[in-house]
Amino acid sequence: MNRSHRHGAGSGCLGTMEVKSKFGAEFRRFSLERSKPGKFEEFYGLLQHVHKIPNVDVLIGYADIHGDLLPINNDDNYHKAVSTANPLLRIFIQKKEEADYSAFGTDTLIKKKNVLTNVLRPDNHRKKPHIVISMPQDFRPVSSIIDVDILPETHRRVRLYKYGTEKPLGFYIRDGSSVRVTPHGLEKVPGIFISRLVPGGLAQSTGLLAVNDEVLEVNGIEVSGKSLDQVTDMMIANSRNLIITVRPANQRNNVVRNSRTSGSSGQSTDNSLLGSPQHIEPSCEPEDEDSDEDDIIIEDNGVPQQIPKAVPNTESLESLTQIELSFESGQNGFIPSNEVSLAPIASGSTTEFETHAPDQKLLEEDGTIITL
Amino acid sequence: MRRFLRPGHDPVRERLKRDLFQFNKTVEHGFPHQPSALGYSPSLRILAIGTRSGAIKLYGAPGVEFMGLHRENNAVTQIHLLPGQCQLVTLLDDNSLHLWSLKVKGGASELQEDESFTLRGPPGAAPSATQITVVLPHSSCELLYLGTESGNVFVVQLPAFRALDDRTISSDAVLQRLPEEARHRRVFEMVEALQEHPRDPNQILIGYSRGLVVIWDLQGSRVLYHFLSSQQLENIWWQRDGHLLISCHSDGSYCQWPVSSDAQQPEPLRSLVPYGPFPCKAITKILWLTTRQGLPFTIFQGGMPRASYGDRHCISVIHDGQQTAFDFTSRVIDFTVLTEADPAAAFDDPCALVVLAEEELVVIDLQTAGWPPVQLPYLASLHCSAITCSHHVSNIPLKLWERIIAAGSQQNAHFSTMEWPIDGGTSLTPAPPQRDLLLTGHEDGTVRFWDASGVCLRLLYKLSTVRVFLTDTDPNENLSAQGEDEWPPLRKVGSFDPYSDDPRLGIQKIFLCKYSGYLAVAGTAGQVLVLELNDEAAEQAVEQVEADLLQDQEGYRWKGHERLAARSGPVRFEPGFQPFVLVQCQPPAVVTSLALHSEWRLVAFGTSHGFGLFDHQQRRQVFVKCTLHPSDQLALEGPLSRVKSLKKSLRQSFRRMRRSRVSSRKRRPAGPSGEVQEGSAKTERPGLQNMELAPVQRKIEARSAEDSFTGFVRTLYFADTYLRDTKEIQLMHRAPVVGILVLDGHSVPLPEPLEVAHDLSKSPDMQGSHQLLVVSEEQFKVFTLPKVSAKLKLKLTALEGSRVRRVSVAHFGSRRAEDYGEHHLAVLTNLGDIQVVSLPLLKPQVRYSCIRREDVSGIASCVFTKYGQGFYLISPSEFERFSLSTKWLVEPRCLVDSAETKNHRPGNGAGPKKAPSRARNSGTQSDGEEKQPGLVMEHALLSDERVLKEIQSTLEGDRGSLNWHSRRAAMGCSLSNGGGGGSGLECSCRMCWEGMGGRALAPLPWIPQGPTHALMTWKAPCLGSVWAAGAPRPAQGDPELSLCVLQQSEWLSVQAAR
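Protein chains in written order, with the numbering used here: chain A, 1 to 372; chain B, 10001 to 11058.
None of these hints come from the bench; they were simulated from the model.
Facing chain A, a subset of chain B residues (Cβ under 8 Å, in silico):
{"id": "1", "residue": "Val10788"}
{"id": "2", "residue": "Gly10801"}
{"id": "3", "residue": "Arg10803"}
Glycine included, each C-beta is placed from N, C-alpha and C at the ideal position.
Put together the whole structure using the sequences plus the hints.
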């Protein structure tokens, strides 16, 4: 059809690479400088331009040397695609709204001879489920090992990111007993253990929790002395952002602390996260707390909306109250108060919030170390 | 920074906390659970009750009570108060003896255990050889005679329980000293009776179960007299002068035996079977009491005809040709008769019969003709019908208090006028500073009003809602008068009646407005009754309204019980609270929340389907809201889903029960016979191993909206605050909401309706921003009003794993500074902990463990007072009272002195007894005397009787003043002119205006553009949303209204100008 957009195709020049792009039933051919592929955004714009679909959101895929359909959605995989293309880079474009993610994945192009129809008609009935590779920008954290630097090597603190409802947390806990070293020698003490992982659940898919791991803390609160029901309630109450500190039953895969970068003796999936400092997160980040907790208000127009925050320093106050709770209650049932603000309630307590304001920044900074 | 804050105690705050909070369990109200023994000291005039759990409780004059608990937790089988001493001996079912004494410490008596002792036989003897059957404290108070199953009588010396082996009266010794002709029969077996000669301390009587009775000379070690009965002996009574014995037997007969010097007369003087001629049950105890008039009282337990009345629990009293068989609804544990205390007196002159039955104590006046019962000042059977809910109201205005008492006294006409005869000891407790009411709702549709001000929980008034409804039982059935010639002459006594006519009558929620005297009660079948206090009996029709909570929800079928059928036409109601409106929810599910706003004349009620608002003055429904979620519709099509969840929870609770049983078995201490113990341990072990193999698991899963959703309305709350339009808050953590509270501009909880009108509270600060506190089972959250933005929260479950079961705002006074106090939240969790959480910053202050976490019914029954006290059920019949406050503490403090009380005669026993009642009355007269907070209010009420009356009259609906009436009409008009919005809004508007009429005497805290009356309700525990419907105050432009804001005087002048 419209072939006028071929730029230097077939020039045969060693530094260029032929690109064959397909959108719907239309093909476009053009060439790219192999040594200077440019950025992904430029490539994306170029494709939109050659297909004359400037305002359509599309997904871009390419066939790699094994015939697999793989996505291109960032500079890295774009460069990978360009560097591996031999000799032709075959590009497949789908509209985002009608994208068929199942088309991506290993073996997609080899096994299915009619892969083209598959791509072209996304609503084609799939005969069997494919292994899904979703778009990297849709990736979100599922779990992480945190606080490696402050925990004993025998312990592991795992954060599970519950997102939506599609995947269950998927584990069970039970009562049990563990052996502790105490001043009186070894002692058997009651403990809480993971008793079962639900196949396909979040807990199992992380690979970080296993049956018979002893649960030591839930979101920074020690579970010793608490009943199974209490720990259950705590976990469920924290289920949106659950941080469990366990002593793994299998102690062979522990992170070796003093060689952090190479310390991944077995846990491959998430140790990459450990390497980057931004992933060593505090257990009770205020931001996380509230993003999962925003209540909804429905006015008489019936439109639900998030409830706004009233005072900017809510966080700090909140985190304060939490720390307080995590302490052992003092003698006589008195819970130690750790700051002054409560004293004269009768005399204008409204001003108290203002008096906090200067401290706010400090507190918030501190808020990151809250636990443990 | 955090490091500095860490366990850092603010010393000032810590000290203040110590001044404000302290935890004490102070007193147990009600009737001891599972009583097993009764004792009485005629000299101390103190009653003692022992229980199956090893507790002993002593009661004297109202306010005088002591409690002790045996470490062993075994059942108390006998209690003996040592004659003339402040000491008592208890026998437990593990055959151990314990000596307790009342010792004076710091001006008050305390009950403590001094010694314990277990009788040991010679090595190799059967355990029964030393199994104690009877205990006789000798009048010397130094010796204890112990009759045993072997027939031997052992002697131990008090107070150290030193066994005096040489004084043992063995059955062989007795046999040898019997005359020849009596020896041939096998007469021994266990000792059934031991008595000391009423006049001669050297003679004791020993009765053996096979029928032999001997009178034993302690000094001469010889048989003085012997008597042989042909029947199994049950018990013996020795008449006061010592000349006559009365023995009672297992065949229902009793015999009189003369004790005279011609010793060889083994034949009874007289023998008869009182309820013969057909076979009768045993008479287990008999008393033969002489009177000055000559004719004795014969009082015995049992002996009823076996076939027809064998299942009755009866005590018969025979005197002067009269015979009555008092018929108890529960098993009789024991009884005693209060008589002349002086052992030297010639006659017994019984005054009262005291019967301890399994479920209640009954005292019968034997001096008044007809033998009427005596009203109990304590030991009330709270559970005459099972308690289904309770409601506490602090600081009752005197007027209302008196009216309730007046109504109650008319119900108590059948009681004896006798003063409470058990009046030992002196109560040192100061008069309660305020009048508190505890209302309990019962399964049979009654509400009982208890005086909860002091140590004695006293029944003031009983309200029955049954008359409003048509029930299956014929009212005449109960009244079927027994004919004069009925035999046996049964007479039902006591109030314990566990059988409910109709379970739907059960009371589930109670709400009393102490200022207006309006009461709302709601029950199991969705019935909501509004009642008002009327001092006269009245015949009136109850207005019936149906509230359709489902509205236009389609396809829902209710498969539960039907609603109650109400009586049509006028019904006669006795003086007291009389119902005038009946709202019946449709479907008739149990009412789960109730609120009354007496100023706006509104009652709000909620069930698992929705909630409604009813104007009880205009008798019309204001609005109804269905809380069933459309997505829930399928699940609720039938109650199947609920059945399932019920099943699940049942299964869980069974599992829990089993677990606790296993663990309790493990805890049981090793018994004396180690071999048996080991055997049982062996059998236990495989069971335990099985437990290890299949441990209890808990699934960890985030709650989803679908599986946790119900429309169950748990809390309803009225508030006069700032709110625009209708708002619904959905708590995303999806925990059930258990409490709602609005704090005013000064972060003080809003006062109750009419509180300000009665000058008992500062009017709330309507200027500053109000805050809404929503307490769910898991979190406390504060939102600002009117914008409803999140301000603060405290997570409980996420941090502690505990869940809020009860929350209530309470005022904590300081024990140091007289006028200093703070409002905080008292919180009970599912673990049985009680915490105080500060307002408004939501900081945990103190935490105490109060109730065992396994005690689910105890936790469910907990109710807090407004001043930091609380009650919870420790058994079906007992409330434990606790206090979180340093200032408000109701606790028995009393003095029992043997020297002083020894001189007491029945006639002059009134001295110490009157003290508490006088003190209680004096509280009302000597206002200025004590500076107790309660009295301030008292003063306000009393001094301003006129105000009170006026308010009362406005509240009772008959508006005396035409002025107010016309004013009200005018306002209603202006409102409808400016009105708009939905019907619900319009109604609330009108409501706030109605409120005005009733509030005319109070300063009006109202700014034209300011606050809004709002009805806040709480919806759906699991979805976690709060409903609020509001309407703006009257139009801003109304100048007349702006004027009336200012002051009471201006308000009145505006009125006059009109």
